[in-house]
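Sequence lines, in order, name chains A and B.
The numbering used here puts the first residue of the first sequence at 1, with every later residue one more than the last.
The numbering used here puts the first residue of the second sequence at 1, with every later residue one more than the last.
Calculated directly from the structure, the hints in this document are not laboratory data.
Honestly, I wouldn't trust all of these hints.
The list treats identical chains as one, so a pair stands whether inside a single copy or across any two.
[As the list claims (entries may be wrong)] Only pairs whose alpha carbons sit at most 25 angstroms apart, straight line, appear in this in silico SDA-like list of lysine to any residue:
1) K10 x S51
2) K10 x G26
3) K45 x H22
4) K10 x G29
5) K40 x L14
6) K45 x Y75
7) K56 x G12
8) K40 x D74
9) K2 x E32
10) K10 x R47
11) K45 x E64
12) K2 x H22
13) K19 x E58
14) K45 x E58
15) K56 x L46
16) K65 x Q41
17) K56 x S27
18) K10 x L79
19) K45 x K56
20) K2 x L66
21) K65 x Q17
22) K40 x V13
23) K40 x V21
24) K40 x I72
None of these values were measured; they are calculated from a predicted model.
Protein chains: 2
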Amino acid sequence: MKAIVNIYLKEGVLDPQGKAVHHALGSLGFREVEDVRVGKQIILKLRDGLSDQEAKEEVEQMCEKLLANTVIEDYDIELVR
Amino acid sequence: MKAIVNIYLKEGVLDPQGKAVHHALGSLGFREVEDVRVGKQIILKLRDGLSDQEAKEEVEQMCEKLLANTVIEDYDIELVR
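All chains should be built: construct the whole structure from the sequences, respecting the hints.
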């Protein structure tokens, strides 16, 4: 089973990396872009035999304790069999 | 319209950041994790009025030219209205 965790800055938190990418895209001539936000995607391979419920709770714990900085970041979790 | 671009290391490319996260999760007692890969998720807000086809081609160009290092990284693009 795999868990895909997307971690992104909360609305309103300044994203300098996104700003830099936006600027660089503009310099390259991509004028259609209005905003850029850069986040992380973490793919966890979990051992087989976990139920969806167990896996979700476990990955939530991982996010709260290590993967995300919940002061400035939000996350969502998707499970894939 | 938004384009969500996921960028991840190709199979077989060593992921030291993933290894570090894996190790840290182990230290915290999360033993169910067998592997960790860390990638990027870039969310692009595009101006309205682009067709799906145009947006896709444009974002592919951005990935090839700037966002992804296609020697070691793959990417996928998802459009959200």
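Structure-based check of each hint:
Taking CA atoms no more than 25 angstroms apart as the test, K10 paired with S51 passes in neither setting, with 30 angstroms inside one copy and 28 angstroms between copies. Within a single copy, K10 and G26 get their C-alpha atoms as close as 24 angstroms, which meets the 25 angstroms cut-off; across copies the closest is 28 angstroms, which misses it. Taking the shortest alpha-carbon separations for K45 and H22, only the inter-copy value of 10 angstroms comes in at or below 25 angstroms, while the best intra-copy value is 32 angstroms. For the homomeric pair K10 and G29, neither the shortest alpha-carbon distance inside one copy (28 angstroms) nor that between copies (28 angstroms) is at most 25 angstroms.
In this homomeric assembly, K40 and L14 come within 25 angstroms of each other (Cα to Cα) both inside a single copy, at 16 angstroms, and across copies, at 17 angstroms. For a Cα distance limit of 25 angstroms, the shortest separation of K45 from Y75 qualifies both inside one copy, at 17 angstroms, and across copies, at 19 angstroms. In the homo-oligomer, the alpha carbons of K56 and G12 never lie at most 25 angstroms apart, since the shortest distance is 27 angstroms inside one protomer and 27 angstroms across protomers. Within a single copy, K40 and D74 get their C-alpha atoms as close as 11 angstroms, and across copies as close as 15 angstroms, so both meet the 25 angstroms cut-off.
Proximity of K2 to E32 under the C-alpha cut-off of 25 angstroms is restricted to the inter-copy arrangement: shortest distance 11 angstroms between copies versus 34 angstroms within a copy. Only between protomers do K10 and R47 lie at most 25 angstroms apart by alpha-carbon distance; the minimum there is 22 angstroms, versus 31 angstroms within a single protomer. In the homo-oligomer, the alpha carbons of K45 and E64 lie at most 25 angstroms apart inside one protomer (18 angstroms), although the nearest pairing across protomers, at 28 angstroms, exceeds that limit. When the C-alpha separation of K2 and H22 is checked against a cutoff of 25 angstroms, the pair qualifies only between copies, where the shortest distance is 14 angstroms, while the shortest distance within a copy is 31 angstroms.
In this assembly of identical chains, the alpha carbons of K19 and E58 lie at most 25 angstroms apart only when taken from different copies (19 angstroms versus 33 angstroms within one copy). Proximity of K45 and E58 under a CA criterion of 25 angstroms is satisfied intra-copy only: 12 angstroms inside one chain copy versus 32 angstroms between copies. Taking CA atoms no more than 25 angstroms apart as the test, K56 paired with L46 passes inside one copy only; the shortest distance there is 11 angstroms, against 32 angstroms between copies. Proximity of K65 to Q41 under the C-alpha cut-off of 25 angstroms is found in both arrangements, the shortest distances being 16 angstroms within a copy and 21 angstroms between copies.
Taking the closest pair of Cα atoms, K56 and S27 come within 25 angstroms of each other only across two copies (20 angstroms); inside a single copy the shortest separation is 42 angstroms, beyond that limit. Taking identical chains as interchangeable, the C-alpha atoms of K10 and L79 lie at most 25 angstroms apart whether they share a chain (22 angstroms) or sit on different chains (21 angstroms). Taking the shortest Cα distances, K45 and K56 sit within 25 angstroms of each other inside one copy (13 angstroms), while across copies they are farther apart (29 angstroms). Only within a single protomer do K2 and L66 lie at most 25 angstroms apart by alpha-carbon distance; the minimum there is 18 angstroms, versus 29 angstroms between protomers.
In this assembly of identical chains, K65 and Q17 lie within 25 angstroms of each other by CA distance both inside one copy and across copies; the values are 24 angstroms within and 17 angstroms between. In this assembly of identical chains, K40 and V13 lie within 25 angstroms of each other by CA distance both inside one copy and across copies; the values are 15 angstroms within and 18 angstroms between. For the homomeric pair K40 and V21, the shortest alpha-carbon distances inside one copy (15 angstroms) and between copies (13 angstroms) are both at most 25 angstroms. When the C-alpha separation of K40 and I72 is checked against a cutoff of 25 angstroms, the pair qualifies both within a copy, at 13 angstroms, and between copies, at 17 angstroms.
Checked against the numbered hints listed earlier, the structure breaks hints 1, 4, 7; every other hint is satisfied.
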